[in-house]
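Same order as they appear, the protein sequences are chains W and V. Letter by letter, the first sequence follows residues 1 to 340 in UniProt numbering. Letter by letter, the second sequence follows residues 1 to 340 in UniProt numbering.
Calculated directly from the structure, the hints in this document are not laboratory data. There's no promise every hint is true.
In silico negatives: residues of chain V with every beta carbon more than 10 Å from chain W [as the list claims (entries may be wrong)]:
| # | residue |
| --- | --- |
| 1 | Ala-5 |
| 2 | Ala-10 |
| 3 | Glu-62 |
| 4 | Thr-126 |
| 5 | Cys-172 |
| 6 | Asp-198 |
| 7 | Met-268 |
| 8 | Arg-273 |
A few chain V residues facing chain W, derived, Cβ under 7 Å [as the list claims (entries may be wrong)]:
| # | residue |
| --- | --- |
| 9 | Ala-64 |
| 10 | Asp-65 |
| 11 | Pro-67 |
| 12 | Met-68 |
| 13 | Thr-70 |
| 14 | Pro-127 |
| 15 | Gln-128 |
| 16 | Leu-215 |
| 17 | Ala-250 |
| 18 | Leu-265 |
| 19 | Ile-271 |
| 20 | Val-272 |
| 21 | Arg-278 |
| 22 | Pro-279 |
Virtual Cβ for every residue (Gly too), placed ideally from N, Cα, C.
Number of protein chains: 2
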Amino acid sequence: MATEAIPAKAREVRLAAHVTDVVTKANFDVVKAPVREPGDGEVVVRYDYLQVTAVMQDLMREDADLPMPTYKVGEPLWGFAVGKVVKSNSPDLKVGDDVEGMNGWNEYAVGPAQSFWKLDPTMFPTPQHYLTQGPTAYHGIVDIAQVKEGDTVFVSGAAGGVGSLAGQIAKCMGAKTVIGSAGSQKKIDYLVNELGFDAAFNYKKGPIVDQLRKLAPEGIDVFFDVVGGETFEAAIQAAAQDARFALCGALSGQVGNGDGAFPRLDIMHSIVRQIQIRPFATYHTPDQIWAWQSHFSQWLKEGKFVFPHTVVEGGLGKAPQALIDLLRGKHSGNLLVKLT
Amino acid sequence: MATEAIPAKAREVRLAAHVTDVVTKANFDVVKAPVREPGDGEVVVRYDYLQVTAVMQDLMREDADLPMPTYKVGEPLWGFAVGKVVKSNSPDLKVGDDVEGMNGWNEYAVGPAQSFWKLDPTMFPTPQHYLTQGPTAYHGIVDIAQVKEGDTVFVSGAAGGVGSLAGQIAKCMGAKTVIGSAGSQKKIDYLVNELGFDAAFNYKKGPIVDQLRKLAPEGIDVFFDVVGGETFEAAIQAAAQDARFALCGALSGQVGNGDGAFPRLDIMHSIVRQIQIRPFATYHTPDQIWAWQSHFSQWLKEGKFVFPHTVVEGGLGKAPQALIDLLRGKHSGNLLVKLT
């Protein structure tokens, strides 16, 4: 394959200042930096799609207490991205190979071949299918909440990157009823008409507990939560006996006044219902990634699953605004920025 | 054995009015009622000891949401008690047998022989040893929290009926360090000097989280909670990675302003630490009761265990005040009222 021209300089996004309240464009520096020559065993990758996720706002905080490396002021942000090898000094990767890398807030990445994962072009319709929050959704639904045949499952933030997968996974695991919550009629329609949710409601239209009880009169067996706050408190009240709660995030606290990350736990009610509450983080071990990818591939081929995603066009310079919009609830599904 | 005289009338305690705030003596009627003649297959039992527990206050509420029958106005309260058969028209029980019954707010009970459990006099030093909250403590420590060799275990309300057993059970299961919290220096001394806790602190003396971090600098692996409120919130902050929380009650809400039963759950911190939170109720199945009793008997014989209890003397008329004092934190261990 002919080697394509590699520019001398390319754009990257650096952290300009730590986030104290919510992220704004002032927290980012979009700069042009030299693309260095690859050394022996190294490759140059041109990234095509960057994945943007809500946790990135937290990684921009100085005091973030998270199980992954946070961003440093003056340095490029890290993030998962897919692209193509455009120059190779390694026998392990050749020009034209599809790869995934972790330092995706860059148009070009240069590094050892083993710092990239070679993608299997037969597994998914596109390389972008590798950019999902699937390991988190799969681990939460299958290992933590242990969704089984006949369960009534409630997924909050259901139109988001994790929730849009979690609800579909629950359905594939045999859930009888999957209910989602989201913040607009457009998202409600998307969940029911495109992703196969059995029901969905707008959490802004009336008390959540009332909407939940109406849709799940016999109670919810599983709650997959990315929101926290009032949604968590309502799910406790609407829980069936021996319900399992998989807590994945507290987005209402990340974008609101902070209380959403500290909901009240009704202890006595939880005791009577014996609700198992399992907050969890996904460490993306090879096992976790493979469990997700093999099922995702299979379910897509069987026509049971939709790849829920939004693509923001316009290049890397659009990535900061994409993150800001994501936190404001503007997008549905897994959010990708098209870099090329 | 010679039949002892059975009085024509005996005292029983009835619910005078539902509890709305906290229990007072006005909620009880202590009355004299006829002791009826036993029918065919029935026995008369003279109760010697009644067990009094915190949950009784909740059973006195009209709107109690609990997995056991609540008390009805005008009817005698139920509660576990031990005593002796003083008259028998059944081949299954003979005069002099030690038995346990459930309708213990009575001096005498008359009913079918099979409504009483015959006690094994070789199992424990006294019949009162059958009156513990052991099934709850054992199930919580062993099945729910799964305490194992080397764990650092924190028990709240540790001088109470459940906590005083839970801490000792944790130690018998191999816990490296068992820490208790209580509300007075006398109780702290009792926990460390008599029950074998490794450390204890007074929750009224400074922020709980600070005291906990000082005693468990590497974090707590297991939290057995009967208190809720600030104690629960502190335990979340002081939890080690993958900590297991067994939630058994929210006593701080039962006796305080109610907030204690609704503490804040720090979702993001819980996610990072992957804390498993398991509120649980114990249904006192035969399996649960046997698991506790067989271990309790064994541990007592091995000299590893103390029967933590307080006896209030003076007869059934003292039972209402005993419950009120229990909720005010006056007593240690399992609370028994001596009826005879």
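The hints, checked one at a time:
| no. | hint | verdict |
| --- | --- | --- |
| 1 | Ala-5 | holds, 44 Å |
| 2 | Ala-10 | holds, 34 Å |
| 3 | Glu-62 | holds, 15 Å |
| 4 | Thr-126 | holds, 31 Å |
| 5 | Cys-172 | holds, 24 Å |
| 6 | Asp-198 | holds, 26 Å |
| 7 | Met-268 | violated, 5 Å |
| 8 | Arg-273 | violated, 8 Å |
| 9 | Ala-64 | violated, 9 Å |
| 10 | Asp-65 | holds, 6 Å |
| 11 | Pro-67 | holds, 6 Å |
| 12 | Met-68 | violated, 10 Å |
| 13 | Thr-70 | violated, 12 Å |
| 14 | Pro-127 | violated, 30 Å |
| 15 | Gln-128 | violated, 27 Å |
| 16 | Leu-215 | violated, 22 Å |
| 17 | Ala-250 | holds, 4 Å |
| 18 | Leu-265 | holds, 4 Å |
| 19 | Ile-271 | holds, 4 Å |
| 20 | Val-272 | holds, 6 Å |
| 21 | Arg-278 | holds, 6 Å |
| 22 | Pro-279 | holds, 4 Å |
Violated hints, listed in ascending order, are 7, 8, 9, 12, 13, 14, 15, 16; each of the other numbered hints is respected by the structure.
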